[in-house]
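Engineer: The primary structure of each chain is shown beneath.
6 protein chains.
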Amino acid sequence: MVCMKNIPNIILEKKLLEYLEEDMPFGDVTGQFIPNTQVIAFLKAKESGIVCGLPYVKILMETLGISVKTLVEDGSRIEPGDILLEIQGNSVDIIVVERTVLNFLMRLSGIASQTRSLVERVKDAGLRIRIAGTRKTTPGFRFFEKYAIEMGGGDPHRWDLSDMVLIKENHIKTIGEDGLNDFLKNLHKRVSFSKKIEIEVENLSQLKKILPYNPDIIMLDDFSIEDIHKAVELIEKVNLKQKILLEVSGGITPENIQNYFIEGINILSLGFLTHSVKSLDFSLKINEILNTKG
Amino acid sequence: MVCMKNIPNIILEKKLLEYLEEDMPFGDVTGQFIPNTQVIAFLKAKESGIVCGLPYVKILMETLGISVKTLVEDGSRIEPGDILLEIQGNSVDIIVVERTVLNFLMRLSGIASQTRSLVERVKDAGLRIRIAGTRKTTPGFRFFEKYAIEMGGGDPHRWDLSDMVLIKENHIKTIGEDGLNDFLKNLHKRVSFSKKIEIEVENLSQLKKILPYNPDIIMLDDFSIEDIHKAVELIEKVNLKQKILLEVSGGITPENIQNYFIEGINILSLGFLTHSVKSLDFSLKINEILNTKG
Amino acid sequence: MVCMKNIPNIILEKKLLEYLEEDMPFGDVTGQFIPNTQVIAFLKAKESGIVCGLPYVKILMETLGISVKTLVEDGSRIEPGDILLEIQGNSVDIIVVERTVLNFLMRLSGIASQTRSLVERVKDAGLRIRIAGTRKTTPGFRFFEKYAIEMGGGDPHRWDLSDMVLIKENHIKTIGEDGLNDFLKNLHKRVSFSKKIEIEVENLSQLKKILPYNPDIIMLDDFSIEDIHKAVELIEKVNLKQKILLEVSGGITPENIQNYFIEGINILSLGFLTHSVKSLDFSLKINEILNTKG
Amino acid sequence: MVCMKNIPNIILEKKLLEYLEEDMPFGDVTGQFIPNTQVIAFLKAKESGIVCGLPYVKILMETLGISVKTLVEDGSRIEPGDILLEIQGNSVDIIVVERTVLNFLMRLSGIASQTRSLVERVKDAGLRIRIAGTRKTTPGFRFFEKYAIEMGGGDPHRWDLSDMVLIKENHIKTIGEDGLNDFLKNLHKRVSFSKKIEIEVENLSQLKKILPYNPDIIMLDDFSIEDIHKAVELIEKVNLKQKILLEVSGGITPENIQNYFIEGINILSLGFLTHSVKSLDFSLKINEILNTKG
Amino acid sequence: MVCMKNIPNIILEKKLLEYLEEDMPFGDVTGQFIPNTQVIAFLKAKESGIVCGLPYVKILMETLGISVKTLVEDGSRIEPGDILLEIQGNSVDIIVVERTVLNFLMRLSGIASQTRSLVERVKDAGLRIRIAGTRKTTPGFRFFEKYAIEMGGGDPHRWDLSDMVLIKENHIKTIGEDGLNDFLKNLHKRVSFSKKIEIEVENLSQLKKILPYNPDIIMLDDFSIEDIHKAVELIEKVNLKQKILLEVSGGITPENIQNYFIEGINILSLGFLTHSVKSLDFSLKINEILNTKG
Amino acid sequence: MVCMKNIPNIILEKKLLEYLEEDMPFGDVTGQFIPNTQVIAFLKAKESGIVCGLPYVKILMETLGISVKTLVEDGSRIEPGDILLEIQGNSVDIIVVERTVLNFLMRLSGIASQTRSLVERVKDAGLRIRIAGTRKTTPGFRFFEKYAIEMGGGDPHRWDLSDMVLIKENHIKTIGEDGLNDFLKNLHKRVSFSKKIEIEVENLSQLKKILPYNPDIIMLDDFSIEDIHKAVELIEKVNLKQKILLEVSGGITPENIQNYFIEGINILSLGFLTHSVKSLDFSLKINEILNTKG
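Protein chains in written order, with the working numbering: chain P, 4 to 297; chain R, 4 to 297; chain U, 4 to 297; chain D, 4 to 297; chain C, 4 to 297; chain S, 4 to 297.
You may find that some hints are simply not true.
Pairs involving identical chains hold if they fit within one copy or between any two copies, as the list cannot separate such chains.
Listed below are the simulated SDA-like cross-link pairs for lysine to any residue, each with C-alpha atoms no more than 25 Å apart in a straight line [to be verified]:
#	residue 1	residue 2
1	Lys176	Arg124
2	Lys176	Gly267
3	Lys17	Glu65
4	Lys192	Glu266
5	Lys18	Glu291
No lab work stands behind these hints, which were simulated from the structure alone. Here the structure is a predicted model, which is why all the values come from computation and not from measurement.
When you get a sec, could you build the whole thing from the sequences and use the hints?
Structural biologist: Laid out in structure tokens, this is it:
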């Protein structure tokens, strides 16, 4: 699975270097005093999980003239002690980039690992429900966090406010109950044919109200398990002659997700995947001094 | 405690708006179709903890012409249901900014809450140890994550590679054991008088070796509790006629931190504070439609 | 119809000011010598058509402290001599911004006018075909050109490569005829549920091949009118139990579009709308000197 | 004729990549699923005209690691079917860059073709009048549009407000008729010796008024053909002992330009060259799959 | 004399704030601990000279919400103790901006003062020679340094490589002596009519060679005083029927400039004005605490 | 001595190219007309002093594809006529970059030369006082100016407001005399352990007041020589059991610095080093035309 979204390296470099610059507004006041020689270093796993971010940190290190050999593909399962990258370059450059590389991998691998574990639980349950992310990402880091969800086997969901029409509680509040019918009747005409339309409902009565308007996707927000079952039934009836996808969201965590493994649900989306991540731990240690001039 | 680091609003706005732009490269394809009227909305806590980030989201919302009344100060303890911000503005603007505001507060408050809980445990133990962060922050978001540590009562530690001289394992590996004495002897002369010098050691023997070179701070990395006690003794002897600070780091978590409550330690630093944060949950709901033209 | 995509003014300002800066890297070497007094100026139409861009040039002028009163809404029909904006501000500022304002309006109004004329011809023909743009926009100016299509009553189509899955000739060439079936079979599983899938076909035989894979949209590229009729028939059969949209594209111009007014087509897309635009002409003249200090 | 203004590639790359980024805020959601292999592609002309922009799209493609062999020089006449560029690279990269490359060439070649056709009509008429552009360019794209005018054999005219002193109608209105003499008397002293001074006049009486002040260039704005002849006479008298250049502007189009082929005019400037361009059509098709790993 | 080049404040703010950001990558670690109250401060001169930069530092301070009352106009002569700006605002903001404001004024006023002193010496000598700058400016700060020359009464000369055609020694070396005649013969045809053409010569023989080609300006580079006199004579002969301006440059300093006060020279240009500036000293002191909440 | 602060070349390139872009917003209007051939050029010293900036201009030129061989290391003493760089590349590129390269070296070498001369005078006096810079740098150019101080053998002092706690006159004025004791008592607790704390005093009585609060550094601002001697005595007493560094600042110039060569002073800081620099002169001349195609 190749899934770097085809963004050219030279565009990614720019973004990645901004992260490095954050760490050295006026240079490295420690590293400037040490000898600059060619060294070999290893990036190793310290915990088991799914690794994510290797192609990006490779790009970042290569912009500094560091050679990087990737031993493991993004999205693979890793175990403590696994060597993931063999790194050769100037000591001062490797020391400069070390922390940014680790910060990058720690967070993305944490997200991918959590996602994968849920994806596998769905599969083990014999279901075809997608595990999806949300827009609850760290400000400024969404591209990479969504990518980590994909590496974990999840669905990134819409990227941003420009990406899909999704009518939520605050929209409906603004439209008003009275205006809602008119609004929904005209929506398909007003929205570009290139966009899907999803509507979020808070309860079964709202669901019944919006069903006739034929959205591409319906999201049940914070429904009880009982009501989800009722909603599945309602939608299945309608879906005999069309195909509305059903997304369930709100308060789903690794602890309670089992309850949501219900035939008829197409998507389970969890903010948890990005907003409450336990990082995976890695180390980047210089292993050998080649004693050639940097 | 006012602690926004005095960065002028107009500089912060620029950074904050970049986060908003990440969420709408080509505008809001849903919100463009709803009525644009003045509304009142509330930002509420959904969990208890320490709130952090309110001044920043206020600045962000104000750049969009939204009025924001802050009811609670950053760094305060909050409980579920607490109203934190009263918001008035155009419905379309509030819907546009909602997710960015929540993402911001969720993560920062998670960091502040975790930090505060550790700071209070130190205080309850009758100790004066500082709880410090590290550079293990989300790429691109360090300024705010360090700020959240401060709001939690912690010490941000050095901001970046330009901020303090800190000799670590990879430096020493590069210098080589043979060169280390010479390196340390000359270090004070070479480093600007404006910078503190910290040295990280991996074991007691290294500690003994570097003690005569009079660093401002010594960091014990991954020491056993037993060795920490021995290190404290060694340093106390030296400190009769000077004052080296003692930092302990490596694998400290909320679960095991109690073991590190040892007289003689000045700083406990934890990557955990920023790399494995559980977010705090908030909601931003439109409460009332004022029915005046947006 | 309010359709500025809800991008906050402060974000638009930044983009708009870049256009102004392009026109004055080191300031205005003529305007610096003239008296700076408050003046009133009028922006007037010199041709008839659909005006587009007024809200943006208003935002731009207001960042310079110029007051702008809008007399006509974006998307309205205008006639030569119509006053569109009443402008009051410092003479030197108005002279600085004049050309950028006019360049903006000229191009966007040209696009909107052309689009509207086609949209009305469709309506006059009693059809519900959408007139859509393409990605054939001026580099760096897409947001505004797509907006002008919407102001003209057209559909902007997908914004960019991140916006919808659209399989085209070069993709199919790369996949190879042999691999195509497998590729299409797996596509729905691999693509995020939030995205529509469109497939472009070059001939009827390709159309038949891809029909079973159930894309959301099919694009007929450079089809003869005769083949379009056959394609419509084929798709209508399939659409009895589902709903694939039909887009026709390739070489459509205002001159030949009448031939494409065929029941069963949902979308006609034209690069012509943005790549071969005749501008609409406007003037911005200072009308009165108020003789108060600038 | 090499005429890329000597801007270093690395500076151009930055600008060109911004155009590419506009087309893929979150990557290429289609191309990410196709096989990534080395392929050969051709860029071909689909219409006859003057090609312009090849060096720039070559630079852009090379930043993505694509090899580009240029078969035709910028500014050359091309015919339908001509192969202009031979391209080899990864399929996914070529697909990513295809649209941006085409958009670039389409517009610039349209401008160059139109300009060249007018330049040749001047030459055929046995005259030495320059065909010049204006500042009526697409916001954000002026550098390239002015370059296309030069490739067409035209004169780019001043680049921006910092580039030449040009007194126009709004300046004179602001100065007031009474102040004009004083203003013109002092102008040469106040303007840097490095700048030319041009004055635009609306009628013959204005022309007579400003002639004594010895501008480097005079622009006749919207003059009738008859009045242009009278103006030429007036200026020729003055030019016996100096050399004022004569520019004519306002409403000149390819349709009426023949009327302006008048001995004594030095420059004819047309907004038309950039604001109402018919694009030239090109195609970029993958021709061969090399089946080596991308 | 208003001479800020009409660049809108909002564009200048952006540039000015970059200078401020350079001084506080992570905020003000001192100022964050002091009380934040409204205060009054004064910006005072500590040396006599020509003040320059006041409008810019006013704009900068105002972006921070500080009120600034300007008591003296840019370009005025000031004496030690003169109050130039009355400043009121939050103590923390004034402390944040203090150094950037002073750095700005110090350098610009140094340049303006040196320029003015030379301009006045020319005037005292009863001559009309312009004192001009060069492109020998501090990287990144040219706009303001050229502005300071203008405030001192000097001529900024061309702004950059895009601003005027100036043939120098390295060009001629590249063209070769053999090609020079052809090059000069065709130059007027190839250069846009909107640009002046200047040629630099190293000796009298070169001067004679280029005289027939009718440049707008000739620069004598590093000529002896004797040769300058000869050059003036040669040019005066030619100028009976045209008007070539004469610029003299190379090694001119305040110490030796008197030697260059020669009738017939139009411009004396000195790198010295910007590359070897003695700053003017100012102070910005808080004068009164208003004890109202910041 | 390698002292480029380890900032990766690719980050430096970006900054350096901004300086180049400042000099060519729309390209090089002269160089575009000359032949483009491979040439060899030399960068030579025209004055004696300490060279500084060579690694940076090498990086800049290499981004343009120019080969640069460095014959002299940054920080070395140079004499008129010394060849510092051998340069080979396209004539048009070398001409484009020439001025930016020279501007860079001129200013930095001026700073390094001045610094070195003072450092050597200290050494000749048999003292170990550091010569330090200040924040009185050219806006936007601080990184390089501080680097030049280091190359001259000086201490850069704190880089910015984020870099060290330094209590100055305006802070104390804001705190008020009454609040000062409390402020100082709590300061150590509030400041991160990673920062040094310096306090500036205006007179001996202030010095006595702050001595008990144990700052890391004390700065005597504008003290008379006599008072400096008294201050040294006071601090020496305290320093028997701790080690406060003593910095002296205010009005120190190369002319009067000898008076400050006083045992007990640790640092002499001079704004003069960066705000009143005499540039060092260099030339960059094309030496040989290789007549191969550029």
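Engineer: If a hint holds in the structure, say so; if it does not, say that too.
Structural biologist: To see whether the hints hold, each was checked on the structure:
In this homomeric assembly, lysine 176 and arginine 124 never come within 25 Å of each other (Cα to Cα): the closest approach is 37 Å inside a single copy and 38 Å across copies. With identical chains, the CA atoms of lysine 176 and glycine 267 are never at most 25 Å apart, being 28 Å at best within one copy and 37 Å at best between copies. In this homomeric assembly, lysine 17 and glutamate 65 come within 25 Å of each other (Cα to Cα) both inside a single copy, at 13 Å, and across copies, at 17 Å. In this homomeric assembly, lysine 192 and glutamate 266 come within 25 Å of each other (Cα to Cα) only across copies, at 17 Å, whereas the closest approach inside a single copy is 32 Å.
Taking CA atoms no more than 25 Å apart as the test, lysine 18 paired with glutamate 291 passes in neither setting, with 30 Å inside one copy and 33 Å between copies.
Hint compliance for this structure: hints 1, 2, 5 are not met, and every other hint is.
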